Amino acid sequence: QEVVSEESEEESNGVNLMEFSDEILLHILSYVPCTDLVLNVRRTCRKLATLCLDKSLTHTVLLQKDYKVNKDKVKQLMRDIGKEIYQLNMAGCYWLPSSTIDHVTRCKNLVKLNLSGCHVTSLRLSKMLSTLQHLRSLAIDVNPGFDASQLSSECKATLSRVSELKQTLYTPSYGVVPCCTSLEKLLLYFEILDRSREGFMLSGQLMVGESNVPHYQNLRIFYARLAPGYVNQEVVRLYLAVLSDRTPENLHAFLISAPGSFAETGATKNLLDSMARNVRLDALQLPKAWINGSGLLQHLKFNNPFYFSFSRCTLSGGHLIQRVINGGKDLKSLTSLNLSGCVHCLAPESLFRKAEDDIDSSILESLVVSCCNLRHLNLSAAHHHSSESIGNHLCQLLSRLKHLLSLALPVCSITDVAASVEKPPTTPNLVPQTFGRKVRIGIQTYPRNLGDQANQKIESSVFWALMGSLRFLETLEIIGSSFSSAMPRNEPAIRNSLPPCVRAQSVGDSEVAAISQLTYLQSLTLAQLPNILTGSGLVNIGLQCQHLRTLSLANLGMMGKVVYMSALMDMLKHCRCLRDLRLEQPYFCAGAQFFQALSHCSSLQRLCIVSRSGTLQSDAVMSFMASCLEVIMCHMFMGESLTVCKNLQQSIVRSFQAERPALNVVIFPLLHEDLTEVIRDVPMRHLDEITLFKSRVAEEPPNLWW
1 QEVVSEESEE ESNGVNLMEF SDEILLHILS YVPCTDLVLN VRRTCRKLAT
51 LCLDKSLTHT VLLQKDYKVN KDKVKQLMRD IGKEIYQLNM AGCYWLPSST
101 IDHVTRCKNL VKLNLSGCHV TSLRLSKMLS TLQHLRSLAI DVNPGFDASQ
151 LSSECKATLS RVSELKQTLY TPSYGVVPCC TSLEKLLLYF EILDRSREGF
201 MLSGQLMVGE SNVPHYQNLR IFYARLAPGY VNQEVVRLYL AVLSDRTPEN
251 LHAFLISAPG SFAETGATKN LLDSMARNVR LDALQLPKAW INGSGLLQHL
301 KFNNPFYFSF SRCTLSGGHL IQRVINGGKD LKSLTSLNLS GCVHCLAPES
351 LFRKAEDDID SSILESLVVS CCNLRHLNLS AAHHHSSESI GNHLCQLLSR
401 LKHLLSLALP VCSITDVAAS VEKPPTTPNL VPQTFGRKVR IGIQTYPRNL
451 GDQANQKIES SVFWALMGSL RFLETLEIIG SSFSSAMPRN EPAIRNSLPP
501 CVRAQSVGDS EVAAISQLTY LQSLTLAQLP NILTGSGLVN IGLQCQHLRT
551 LSLANLGMMG KVVYMSALMD MLKHCRCLRD LRLEQPYFCA GAQFFQALSH
601 CSSLQRLCIV SRSGTLQSDA VMSFMASCLE VIMCHMFMGE SLTVCKNLQQ
651 SIVRSFQAER PALNVVIFPL LHEDLTEVIR DVPMRHLDEI TLFKSRVAEE
701 PPNLWW
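Sequential numbering from 1 applies to the sequence shown in full-length UniProt numbering.
Any given hint could turn out to be false.
Stated by the list, open to error - Mimicking BS3-like on lysine-lysine, the simulated pairs with C-alpha atoms at most 25 Å apart in a straight line are:
{"no.": "1", "residue 1": "Lys646", "residue 2": "Lys573"}
{"no.": "2", "residue 1": "Lys354", "residue 2": "Lys402"}
{"no.": "3", "residue 1": "Lys83", "residue 2": "Lys55"}
{"no.": "4", "residue 1": "Lys75", "residue 2": "Lys112"}
{"no.": "5", "residue 1": "Lys112", "residue 2": "Lys68"}
{"no.": "6", "residue 1": "Lys108", "residue 2": "Lys127"}
{"no.": "7", "residue 1": "Lys55", "residue 2": "Lys65"}
{"no.": "8", "residue 1": "Lys354", "residue 2": "Lys332"}
{"no.": "9", "residue 1": "Lys47", "residue 2": "Lys71"}
{"no.": "10", "residue 1": "Lys288", "residue 2": "Lys185"}
{"no.": "11", "residue 1": "Lys354", "residue 2": "Lys301"}
{"no.": "12", "residue 1": "Lys108", "residue 2": "Lys73"}
{"no.": "13", "residue 1": "Lys301", "residue 2": "Lys288"}
{"no.": "14", "residue 1": "Lys47", "residue 2": "Lys83"}
{"no.": "15", "residue 1": "Lys73", "residue 2": "Lys47"}
{"no.": "16", "residue 1": "Lys108", "residue 2": "Lys83"}
{"no.": "17", "residue 1": "Lys65", "residue 2": "Lys108"}
{"no.": "18", "residue 1": "Lys288", "residue 2": "Lys694"}
{"no.": "19", "residue 1": "Lys332", "residue 2": "Lys269"}
{"no.": "20", "residue 1": "Lys83", "residue 2": "Lys112"}
{"no.": "21", "residue 1": "Lys185", "residue 2": "Lys127"}
{"no.": "22", "residue 1": "Lys269", "residue 2": "Lys185"}
{"no.": "23", "residue 1": "Lys561", "residue 2": "Lys573"}
{"no.": "24", "residue 1": "Lys71", "residue 2": "Lys112"}
{"no.": "25", "residue 1": "Lys73", "residue 2": "Lys55"}
{"no.": "26", "residue 1": "Lys71", "residue 2": "Lys55"}
{"no.": "27", "residue 1": "Lys127", "residue 2": "Lys83"}
{"no.": "28", "residue 1": "Lys127", "residue 2": "Lys73"}
{"no.": "29", "residue 1": "Lys156", "residue 2": "Lys108"}
{"no.": "30", "residue 1": "Lys112", "residue 2": "Lys65"}
{"no.": "31", "residue 1": "Lys156", "residue 2": "Lys185"}
{"no.": "32", "residue 1": "Lys332", "residue 2": "Lys301"}
{"no.": "33", "residue 1": "Lys354", "residue 2": "Lys288"}
{"no.": "34", "residue 1": "Lys112", "residue 2": "Lys47"}
{"no.": "35", "residue 1": "Lys402", "residue 2": "Lys332"}
{"no.": "36", "residue 1": "Lys83", "residue 2": "Lys68"}
{"no.": "37", "residue 1": "Lys83", "residue 2": "Lys65"}
{"no.": "38", "residue 1": "Lys288", "residue 2": "Lys269"}
{"no.": "39", "residue 1": "Lys127", "residue 2": "Lys71"}
Because the hints were derived from the structure by calculation, they are not lab data. Quantities reported herein were computed from a predicted structural model and do not represent experimental measurements.
Full structure from sequences and hints, please.
So, in structure tokens, the structure goes:
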């Protein structure tokens, strides 16, 4: 009777969800995946049945990370609300069979459609587009076997009205570009391999009979991102050939992201000269060879620029200020700046300068003052060493950028100058008792009381002050200037890594603890922090950064031992919102204790471990997969034998594939000669977002694609 009376009292004092206004309920329902709304929630009561079909909830359907969706759910969804859908995003739904695309034909009013990462043949694409007469924005993949001659006249009519096209190429082809005669925005992703699976060299020449006249006359945005490889460079030159003949008058964003060396040719030089004469740009990114040693930036004209990328260029700070910022001109419009690998960008000149020399703080100050509204800034992959001048440390100057949402810095840039200049004494009587046999040269001694260390050092450091001033930062990357991942793309695994910068030797647990001030932090990358002794700062982050969704840790502390394992396990117990975890560390032991701690991350979806000489316990992995029901990606590149890896991979797939349609499992020896063949079969979404290590801050202009 007491229990019944308590329940009735709660009901009388409580608030019924259905008593909220429709506006509040619609806002709440907007956080529920559309498949759940239409197929489940609307069946609960009459009021929700009406609200779940409100136009504000059915206008845009996002399936790109709904890993539980399957073919039957998509079919039912299109039957129920197909005519109400105006924007459909199925990007990265690699697990859905190609026949699923047939159901998109029910969405007669579609204006935007994203099928990147989906299996679509030429015939299926033709049939689907023939019915979508209102389509204006399209994203697709062009795979081997694509044949533009199979596209019907109705399909080509639809394509002629498309103004935005994103095309990912896995084979040399123009794709559907020649059919899109009204293009205003063109995004091209070149993922063509130089060799076939059989080992034959591929050619950059396009298929016989393909049109070579893309229609660029209305183009406003041109973006091309190239994966490593010679063929990708050859194909993109064919796309650029038409641009070099006639530069679109309305072009305001021209971006080409190319790794390695991409030489300038006569055609590209003509294109750049034409751009300098005829257009005013708002966004610019060029291969380093096109900028280095040329006076191009002096002649290009800018309107209200919002994005610049000079990644890996030898551009000096003097040229940056004079030619881009016009000697300190007000650039409040600039929101995203990528200077990754631009080793001399904070120095007045680069001719006689060493990469390790101190920066010129006046250049950084001019940059901060002129670009006061920066939201995304990447300064990684370079040695940005501050001088001993008071108030001119890089961290102190960056603290003025109050609007920053994402930031990437080299490890050596965040150290206090005094700490990095002073060398620790090496006399025997000053060696801490806790490390009796070996002393690491060039790092701080480890105090017995970590609390004292935090109170005395952290709060007085310039990095602590920087973290305190950037309260709304959502993405942070602290990456060693000489760090390189053990698993580069299209190449064998790297066996040896370069030593960290001397200035970085003092960066460790206290700096990591300072990051815990970032209450709204969602993504964190830490790589090559040599002075990590216990990883105690990770625990602080786990406790304070409750919005953390993505965590990437690589080469922390000593390379022969995972010194931060205990702290990492404590941290993971608090990461309830963590979805993506990437760990790269030699000799990492993925055992029962680790996976038990990881099981506390109830929202975890993707796990990647890269470890030279690393070990794993198969039973622990299976138990983890059984307890964490949201995990759909498990990539482990360790030191185990091929037999152990294959057996575990097959066991995971056999046990969980039926319940998790999007499950992608790759367990393989890191140093095996066939690693590159295995990597090429990984879905691009996972490969690009988590499996391969790279800096992602300001990698692309913000809101490049919806």
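Report task. Hint by hint, work out which the structure violates, then give me just those numbers in ascending order. Result -> Of the numbered hints, 1, 2, 8, 9, 11, 19, 34 do not hold.
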